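Trainee: Protein chains in written order, with our numbering: chain A, -1 to 247; chain B, -1 to 247; chain C, -1 to 247; chain D, -1 to 247.
Treat the hints as calculated values from the structure; they're not laboratory data. A few of these clues could be false.
[Claimed, not checked] Simulated restraints on C-beta separations:
#1 A:L125 - C:E152: 57 to 63 Å
#2 A:M231 - C:K227: 35 to 41 Å
#3 C:E223 - A:K226: 41 to 47 Å
#4 A:S13 - C:E37: 32 to 38 Å
#5 B:H3 - D:L139: 21 to 27 Å
#6 A:E215 - C:L43: 45 to 51 Å
#7 C:G206 - A:L125: 56 to 62 Å
#8 C:D153 - D:L139: 45 to 51 Å
#9 B:E230 - D:E124: 26 to 32 Å
#10 A:E203 - C:G210: 49 to 55 Å
#11 C:D153 - D:E145: 44 to 50 Å
[To be verified] A short list of chain D residues far from chain C (calculated; beta carbon distances all over 10 Å):
#12 D91
#13 E222
#14 V224
[As the list claims (entries may be wrong)] Short, incomplete list of chain A residues facing chain B, as computed with Cβ under 8 Å:
#15 R50
#16 P54
#17 V56
#18 L65
What you are looking at is a predicted structure, and each value in this text was computed from that prediction instead of being measured. Note that beta-carbon positions come from the ideal geometry of N, C-alpha and C, so glycine has one too.
Protein chains: 4
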Amino acid sequence: MDEVHTEVLAEVALSDPVLIEGLPGVGHVGKLAAEHLLEEFDATLVARLYSRHFPPQVTVENGRSKLVGLEFHAVETEGADMLVLTGDHQAQDNEGHYLITDAVLDLAEEHGVSRVYALGGVPTGELIDEYGVIAAASDDLLVEELEPHVEFREDEPAGGIVGVSGLLLGLGERRGLPTACLMGETSGYLVDPKSARAVLEVLQEIVGFDVGYDSLEERAEEMEEVVKKIQEMEGAQQPPSDEDLRYIG
Amino acid sequence: MDEVHTEVLAEVALSDPVLIEGLPGVGHVGKLAAEHLLEEFDATLVARLYSRHFPPQVTVENGRSKLVGLEFHAVETEGADMLVLTGDHQAQDNEGHYLITDAVLDLAEEHGVSRVYALGGVPTGELIDEYGVIAAASDDLLVEELEPHVEFREDEPAGGIVGVSGLLLGLGERRGLPTACLMGETSGYLVDPKSARAVLEVLQEIVGFDVGYDSLEERAEEMEEVVKKIQEMEGAQQPPSDEDLRYIG
Amino acid sequence: MDEVHTEVLAEVALSDPVLIEGLPGVGHVGKLAAEHLLEEFDATLVARLYSRHFPPQVTVENGRSKLVGLEFHAVETEGADMLVLTGDHQAQDNEGHYLITDAVLDLAEEHGVSRVYALGGVPTGELIDEYGVIAAASDDLLVEELEPHVEFREDEPAGGIVGVSGLLLGLGERRGLPTACLMGETSGYLVDPKSARAVLEVLQEIVGFDVGYDSLEERAEEMEEVVKKIQEMEGAQQPPSDEDLRYIG
Amino acid sequence: MDEVHTEVLAEVALSDPVLIEGLPGVGHVGKLAAEHLLEEFDATLVARLYSRHFPPQVTVENGRSKLVGLEFHAVETEGADMLVLTGDHQAQDNEGHYLITDAVLDLAEEHGVSRVYALGGVPTGELIDEYGVIAAASDDLLVEELEPHVEFREDEPAGGIVGVSGLLLGLGERRGLPTACLMGETSGYLVDPKSARAVLEVLQEIVGFDVGYDSLEERAEEMEEVVKKIQEMEGAQQPPSDEDLRYIG
Chain A
-1 MDEVHTEVLA EVALSDPVLI EGLPGVGHVG KLAAEHLLEE FDATLVARLY
49 SRHFPPQVTV ENGRSKLVGL EFHAVETEGA DMLVLTGDHQ AQDNEGHYLI
99 TDAVLDLAEE HGVSRVYALG GVPTGELIDE YGVIAAASDD LLVEELEPHV
149 EFREDEPAGG IVGVSGLLLG LGERRGLPTA CLMGETSGYL VDPKSARAVL
199 EVLQEIVGFD VGYDSLEERA EEMEEVVKKI QEMEGAQQPP SDEDLRYIG
Chain B
-1 MDEVHTEVLA EVALSDPVLI EGLPGVGHVG KLAAEHLLEE FDATLVARLY
49 SRHFPPQVTV ENGRSKLVGL EFHAVETEGA DMLVLTGDHQ AQDNEGHYLI
99 TDAVLDLAEE HGVSRVYALG GVPTGELIDE YGVIAAASDD LLVEELEPHV
149 EFREDEPAGG IVGVSGLLLG LGERRGLPTA CLMGETSGYL VDPKSARAVL
199 EVLQEIVGFD VGYDSLEERA EEMEEVVKKI QEMEGAQQPP SDEDLRYIG
Chain C
-1 MDEVHTEVLA EVALSDPVLI EGLPGVGHVG KLAAEHLLEE FDATLVARLY
49 SRHFPPQVTV ENGRSKLVGL EFHAVETEGA DMLVLTGDHQ AQDNEGHYLI
99 TDAVLDLAEE HGVSRVYALG GVPTGELIDE YGVIAAASDD LLVEELEPHV
149 EFREDEPAGG IVGVSGLLLG LGERRGLPTA CLMGETSGYL VDPKSARAVL
199 EVLQEIVGFD VGYDSLEERA EEMEEVVKKI QEMEGAQQPP SDEDLRYIG
Chain D
-1 MDEVHTEVLA EVALSDPVLI EGLPGVGHVG KLAAEHLLEE FDATLVARLY
49 SRHFPPQVTV ENGRSKLVGL EFHAVETEGA DMLVLTGDHQ AQDNEGHYLI
99 TDAVLDLAEE HGVSRVYALG GVPTGELIDE YGVIAAASDD LLVEELEPHV
149 EFREDEPAGG IVGVSGLLLG LGERRGLPTA CLMGETSGYL VDPKSARAVL
199 EVLQEIVGFD VGYDSLEERA EEMEEVVKKI QEMEGAQQPP SDEDLRYIG
């Protein structure tokens, strides 16, 4: 097992694809959004990425084990082709983030990816009604190009962007690969399908695909039920505790 | 000292052996089970595995020091030959788990191992009477083959399997080496010889050896004495504290 | 991305330059001092240094992302030429500190640097009026040479000097590159522009440049306002809390 | 700067020397003992060992910085020649302990060292009057040879031996270099010159040198004064707090 190992599982010929990344993070916004694409479109698993920088762990479903790692799916839509990166884990250390992001970009380049979109959430600290989407991009041209579709704010996100999403911007720029990060506002307390939808609505406009949101809406309604129950239980006096949220997620 | 170093101590010719792994973990179930095999059968120490990813430590017995590491013993029984992996430590970091598991599988392959059984415990959070054993396997054929002997549950173990046991499944699959993990239910509060026996009873049926359990029973009785004392002391009002358990273990 | 990568952005021919380092640390004294030089003089960005030992992070300003790293600026003044090292982060682990400092010294040597000055703060634990500056140097000749300008104390700083500033001394000595660290006294509770000015006043005498302090004074006055407010709020009974200070910084 | 780098500072020709190691640890027993040898005998600094696995730090004395690392001194006595290893730090991570110990043994072998003595303390948890010294050795012959001089106990030290002392035993054995660890009993609460003397008295008998203990006695008396004061202050009702001890040390 190398430090990072990409196992190719299928050969596909995508036409001018974009890379869409959605890994775990604030409100699981990016992960929900990317997984929604895989549910709504026909998707082919093209590669898995393993690394010694992931937890030493397998998941188990119905008795079958699977080594933790990232997955690349190829998605062809009428509007655009996409390589979608999903997974349940981020690297466990700094170097791992760099090495894994470099390996992701290597595979993206092998597939002729010319644009990368990292999806994520930005925490607001309070429950919200209007789901704004803010953005960051790795070069000025891309900022200009995306400005009609998404908001760029002077000082946000305040702490910068960390993890694979952040490094796709940072290492993407160094490779001359235009990269943007789309971040849905989210309380930060809850897994947030509504924020994921807001991000996808921006993304579909930019990339040019067409997708429905019924299943995300259903998940959002389930979440709202749970939030309502917690608010009743607690007399709406305090934000849900971590314990509650772990249950909710 | 390489990152991982396997020192061969004896040449043995095992006939179609299976690898049995029992390292420290929940309830020390795997470790107790594997060590029981070494007590009950004639066992030859065939190799030791050292690594910079283990603690920088020696154990001392009667004044003689021994560098911490893993040990492989060869065990020949009427029913089947086994390579038994035991030790007092897991790796101290993520990369170490991967590197050490790869080295374990290398040695297993050199001995012609065609099947791996990782032994461990799965915590239930409460003291139990009926010791169920659940399993996970690295390929569908093996799941099917083991189903008459052991339970595969839809969502268990919930958090997946971590450490060397988990990676034997994950890296075993990647080498095409069928690997199963047998996990005895255990409270998670106590070193649990009864759970170890439950695991071994499943294992002996699958692998085809015959072993007695007197010494495990004795240890189980000792544990029960201690638990009883604690329950008396505490009026059975609360689970034993960590302090108690450290003493018990 | 290598472990450490230096990207050269401009070729400049400096005349017998000194290296000035000012990275985050106690009271942000070094960082404030080095950044003040970049504000007051014409400065050319000559190189950036990236590393897997930095956080996996980009900063974002007006929508444009920038991978975290260190920056080298060339500054030519009438009195002396300087290579000024600034940045928002230190390495995240021990090895990173060593590797990054070695890469900094490599670049310094390529520019013909013959003297290194690391700038920082030394915590006193109480608010102070008189900003003393103490020093440490990597060889006896340099101690002697600097003695007219700065104080060398028998047992200070008590805990030695850590991070890049410390290693510039340690690794600088091993390369035969005379290196000094100038440390401004500071409470340790506040970002401290006055301490930065004290350090710069010593530095300008030693290196031989001439700089104004209006902007640092303004920042110092702003800080004083904030401290006054906190003291009023708390009846001057206790030092400002971490929470306050994070706000202040 | 390599991961570990040994800088040779003087060529000496020692006659059949032993290596004596005394690094920081329980009660600073080993460190006090080794430093006492350097004070009492003429000692030549023969090498320094630097590593990226040490803290990124310099110490400062009278303004002169010194990169943290280990030091080897050559000591020639009438009875025996010694290579004495001292320093203020242990490695900061597991791998560092292994790499540094290997480098120590490399240098020892270059000097023809045929026997290694690691010095340290073993905590008893209470203030003690009789300073026992227990031992561990890397091979049975050495256990036998040392038995007239020092105590080998069945189950002590219970947790094994960690750090460089532990690995000198573990890696020394693997090189076939007979290694012993001598551990003085000590409360574990205090820097303990009396325990260091007890260890040295055993060592001098084994190795065959002759040393006085006046300066260690003085230090022990100072410590006793401090302990007495603390006991008065606290009415001898509780063991000295960590805060006190840091002051004492």
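Trainee: Now look at each hint and say whether the structure bears it out.
Mentor: Here is what the structure says about each hint:
Checking the proposed 57 to 63 Å range against A:L125 and C:E152 shows it holds: the Cβ atoms sit about 59 Å from each other. The hint said 35 to 41 Å for the Cβ distance between A:M231 and C:K227, and at roughly 40 Å that hint holds. Here the CB-CB span from C:E223 to A:K226 is close to 46 Å, well matched to the stated 41 to 47 Å. At roughly 49 Å, the beta-carbon separation of A:S13 and C:E37 lies outside the given 32 to 38 Å, and the hint is violated.
Between B:H3 and D:L139 the beta carbon distance is about 24 Å. The supplied range of 21 to 27 Å therefore holds. Distance hint check: the CB atoms of A:E215 and C:L43 are about 49 Å apart, consistent with the given range 45 to 51 Å. Evaluation of the 56 to 62 Å hint for C:G206 and A:L125 yields a pass: the beta carbon distance comes to about 59 Å. For C:D153 paired with D:L139, a C-beta distance near 48 Å keeps the hint of 45 to 51 Å intact.
At about 29 Å, the CB distance of B:E230 to D:E124 agrees with the hint of 26 to 32 Å. For the pair A:E203 and C:G210, the beta carbons lie near 51 Å from each other, so the given range of 49 to 55 Å is met. At about 46 Å, the beta-carbon gap between C:D153 and D:E145 stays in the expected band of 44 to 50 Å. The claim that D:D91 is not at the interface with chain C is violated, since a C-beta of that chain comes within 10 Å of its own (minimum 7 Å).
Consistency note on D:E222: stated as away from chain C, and its beta-carbon is indeed over 10 Å from all of that chain's, at 25 Å minimum. Against chain C, the non-interface label of D:V224 holds: every CB pair exceeds 10 Å, the least being about 19 Å. Because the beta carbon of A:R50 sits about 4 Å from the nearest beta carbon in chain B, less than 8 Å, this interface hint is met. Using the Cβ-Cβ criterion of 8 Å, the hint placing A:P54 at the interface with chain B is satisfied: the shortest such distance is roughly 3 Å.
Contact between A:V56 and chain B, as hinted, is supported at the beta carbon level, the nearest pair being about 5 Å apart and thus within 8 Å. A least Cβ separation of about 3 Å between A:L65 and chain B falls short of the 8 Å threshold, and the interface hint therefore holds.
Hint compliance for this structure: hints 4 and 12 are broken, all remaining hints hold.
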